[in-house]
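Going line by line, the protein sequences match chains A and B.
Residue 114 in our numbering is what sits at position 110 of the first sequence, and the numbering runs on without skipping anything.
Residue 184 in our numbering is what sits at position 180 of the second sequence, and the numbering runs on without skipping anything.
FYI, nobody ran anything at the bench for these hints, they're computed from the structure.
Just so it is clear, the structure is predicted and the values come from calculations on it, not from any experiment.
Check each hint, because a few of them may be wrong.
One copy or two, either will do: identical chains are not told apart, so a pair holds if it fits within one copy or between any two.
[What the hints assert, rightly or not] Subject to a maximum C-alpha distance of 20 Å in a straight line, what follows is the list of computed DMTMM-like cross-link-like pairs (lysine to aspartate or glutamate):
{"#": "1", "residue 1": "Lys56", "residue 2": "Glu452"}
{"#": "2", "residue 1": "Lys425", "residue 2": "Asp334"}
{"#": "3", "residue 1": "Lys425", "residue 2": "Glu260"}
{"#": "4", "residue 1": "Lys446", "residue 2": "Glu175"}
{"#": "5", "residue 1": "Lys6", "residue 2": "Asp423"}
{"#": "6", "residue 1": "Lys446", "residue 2": "Glu416"}
{"#": "7", "residue 1": "Lys56", "residue 2": "Asp462"}
Single-letter residue listing:
Number of protein chains: 2
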Amino acid sequence: MKEFADIVGAANVLTGEEDMAPHLRDWTGQWQGSARAVLLPGNTEEVAAVVKAADALDVPIIVQSGNTSVSGGSVPDEAGDGIVLSLKRMTRIRAIDPAARTATVDAGLVIEMLQDAVAEHGLDYPLMFGARGSAMIGGALATNAGGSNVLRYGNARDLCLGIEAVLPSGEIVHGLTGLRKDNTGYDLKNLLIGSEGTLGIITGAVLKLVPTPRVRSTAFLALPQVEGALDILNRLQDVSGGLVEAFEYMPGPMVEAIREHDPSLRAPLERTAECGILVELASTRPADAEEDETGEVALQRIMLSEIEALMEEGQIEDGFFATSEQQRRDLWRLREAVLESIVARGPFRVLDAALPLSGVPDFLRRAGDVAEAAGLQPLVVGHLGDGNIHYSLSARDGGSWDEGRADAATGELLDILADMKGSYSAEHGIGRVKTGTLAKRKDPAQLEAMRTIRQALDPGGRLGRGVLLS
Amino acid sequence: MKEFADIVGAANVLTGEEDMAPHLRDWTGQWQGSARAVLLPGNTEEVAAVVKAADALDVPIIVQSGNTSVSGGSVPDEAGDGIVLSLKRMTRIRAIDPAARTATVDAGLVIEMLQDAVAEHGLDYPLMFGARGSAMIGGALATNAGGSNVLRYGNARDLCLGIEAVLPSGEIVHGLTGLRKDNTGYDLKNLLIGSEGTLGIITGAVLKLVPTPRVRSTAFLALPQVEGALDILNRLQDVSGGLVEAFEYMPGPMVEAIREHDPSLRAPLERTAECGILVELASTRPADAEEDETGEVALQRIMLSEIEALMEEGQIEDGFFATSEQQRRDLWRLREAVLESIVARGPFRVLDAALPLSGVPDFLRRAGDVAEAAGLQPLVVGHLGDGNIHYSLSARDGGSWDEGRADAATGELLDILADMKGSYSAEHGIGRVKTGTLAKRKDPAQLEAMRTIRQALDPGGRLGRGVLLS
């Protein structure tokens, strides 16, 4: 380890069991690896020097930032011959340009830290998901993280204007340009984004920022069936001029499971909705934030008018409108309690599915049939505006759990997805969890091209061994 | 050619001089190549079979769709040993999904044909540039085309959800999924988009559509200097909730050159603006299209109010507001007459520059100094909201033109761009025109990675010989 200590400094080479422990396991407890050391480089040049040294010494590298992956891609395998390269000392905000609405940051910056820092400029980095208090920019880009605001602002990929990265060769890609347009050759930025640390180590990024909305309007809608949801989304987009930030699917059984787990959370509607939708609009328009003589906010009026029309048409059965920030928070608390509610029920399988938007109702019907036949309880939540459905299977109330039956049902769901041209990893990536699924189900031409590219850029296979392509 | 005739049919193999001619030269007249034949496959399977046959026979291929490139990437070189593969028979709209707001199309479909076809669903494919009446989807994607609406809707890359393509191996990438989220491995879609026909042949695509606006508000603004433009753009975005579709830079000398070329075009303002901006907002909100008692449209009122405030602050000197569709068209005719006005003046050099948004004023000042010192007339137009500046140099009125001096000045502009981390090809690509510039000026790590990827995917170098990387 002397070569590495010379680069990053002895204090930044962790080798003790206790020091290394948090870097060797993932938070889900599913993945526990080992390593010769955890290195904490302080800047991009040190990362490049580490990669070059590792190349010379034939040492494999796992890149790690916030270690919040749900797919095991941020921890090493069990061989113990490699190093973990942690970005957690690289936390600088290098620049904020309020006029251009961009921030240039180190890859080890925690997402929420960036959000706090740009808020004082009236700006936001609108990547919104549960782990944002510990997830870092580097990991968000390496896995192309999504979340609940993708519908409006795009995913991590869409919010990135440029990256700095270290290639497996140890060469530095200098791409922190902040350009909105640049057609000078292949799109290496997007190739590295989403490559899960296997084609290069993202060390910095220029990120798009958006103006903080002045006003939001949030509601929970009950639809007679999911079939009408896409039309409702389109109509809300059109009457608002594209202001829908979130359009989250929360069907009745999911809401019930949440309330069972945490009875302090209030159900938004008296009668459980067959198809519940949490919808939020947000606007920067001053006029949209104005109150009329009755105290009603203009943006809420726009949404309410359309929803009233939809109720008259029978497309919406009921609706609850948050009229205070507290009520809005309560609706989002319900949404954010989904994962722990599912976990609390015991063992489960979850599919991070994406469908073409029009295919969602058909998928839900077919998947429901599979769950029914397997005697399992489906618990479903989704970013409906993106066609992204998180589909969980757990034991029925009072029912038993059978691993084999759960695996068989999951396989059937994957077959349905394949049949419908869906994705089995909408936003969670492949990591270590889904390498087998990828190898089995990816379009052969694409799989072959992926292997060819990885082999060409990293002939020694030193970056992210066992991640993405095994 | 028998092998190829067996695949596409003898009638679809052009070998006569006259038949081939339009496929061997580009519309600018700068590039004239030769080929053994022009093949017109009718579907993706035929394209794949042609690529496999070409591989077996060691025949290079140039892909061509609308042949409207400004960079020479769509015509063959002069060796005459290869084939041109034209997509012009592949013109199907495979599907339109109005609810999901997507269209699935063949790569040989002309952009305007798609726009016409989706208009009846109240939708648009908002890629807006001069050549859209002959440019095809395949070429737009292969070159990641841009235009005047990128600010609002993104470029060809951003508007594409999935592609079908034939790799240099002849294998077909089946990626026509229409998914909004899909993190299953490397982003091959974005690698192929913008690769200018060198890594694969795009044969089909799923494209995003957007709702046709109900109302537009268009104005020509005179600013005392370009420095304030970005702030004005941000303020118009915020008061409208992000509705700015175009924010085009048209400084005084450019407007004068246009009117000199075509005196029938009216100047929008009495006094020529030092910094002119053509701005357009567009909205789907019914309320934005409503007229008040004076006949003023709500969207226009929103824009006008903010511009009045900016005039009081001295940030805007004057403004002309289109109050009829005819006036709006006249403003856009002025914008669209830019290229022919420059061409009409005689020889010129043009730089397709992109800068970080905040860097534009500094670039214009420095570039102006170069033009001044070289005794050349700069004529400038730009998509200011994207930091994209088309910077032309031509002879001064009554002045002489010197190729050497023009080249030297262009080189200085490229040096300034490099110094400012700008791009020398914001939207026009590399083609054959800029391979030398790319080889000289691209970040070495990126250039090396590009070469590695091309070599790995197309070891025989059969696709797009001499294009992008020479």
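These are the hints, each one checked on the structure:
In this homomeric assembly, Lys56 and Glu452 come within 20 Å of each other (Cα to Cα) only across copies, at 16 Å, whereas the closest approach inside a single copy is 27 Å. For the homomeric pair Lys425 and Asp334, neither the shortest alpha-carbon distance inside one copy (36 Å) nor that between copies (46 Å) is at most 20 Å. When the C-alpha separation of Lys425 and Glu260 is checked against a cutoff of 20 Å, the pair qualifies neither within a copy, at 31 Å, nor between copies, at 54 Å. In the homo-oligomer, the alpha carbons of Lys446 and Glu175 lie at most 20 Å apart only across protomers (14 Å), although the nearest pairing inside one protomer, at 30 Å, exceeds that limit.
Within a single copy, Lys6 and Asp423 get their C-alpha atoms no closer than 53 Å, and across copies no closer than 38 Å, so neither meets the 20 Å cut-off. In this assembly of identical chains, the alpha carbons of Lys446 and Glu416 lie at most 20 Å apart only when taken from the same copy (16 Å versus 48 Å across copies). Only within a single protomer do Lys56 and Asp462 lie at most 20 Å apart by alpha-carbon distance; the minimum there is 12 Å, versus 28 Å between protomers.
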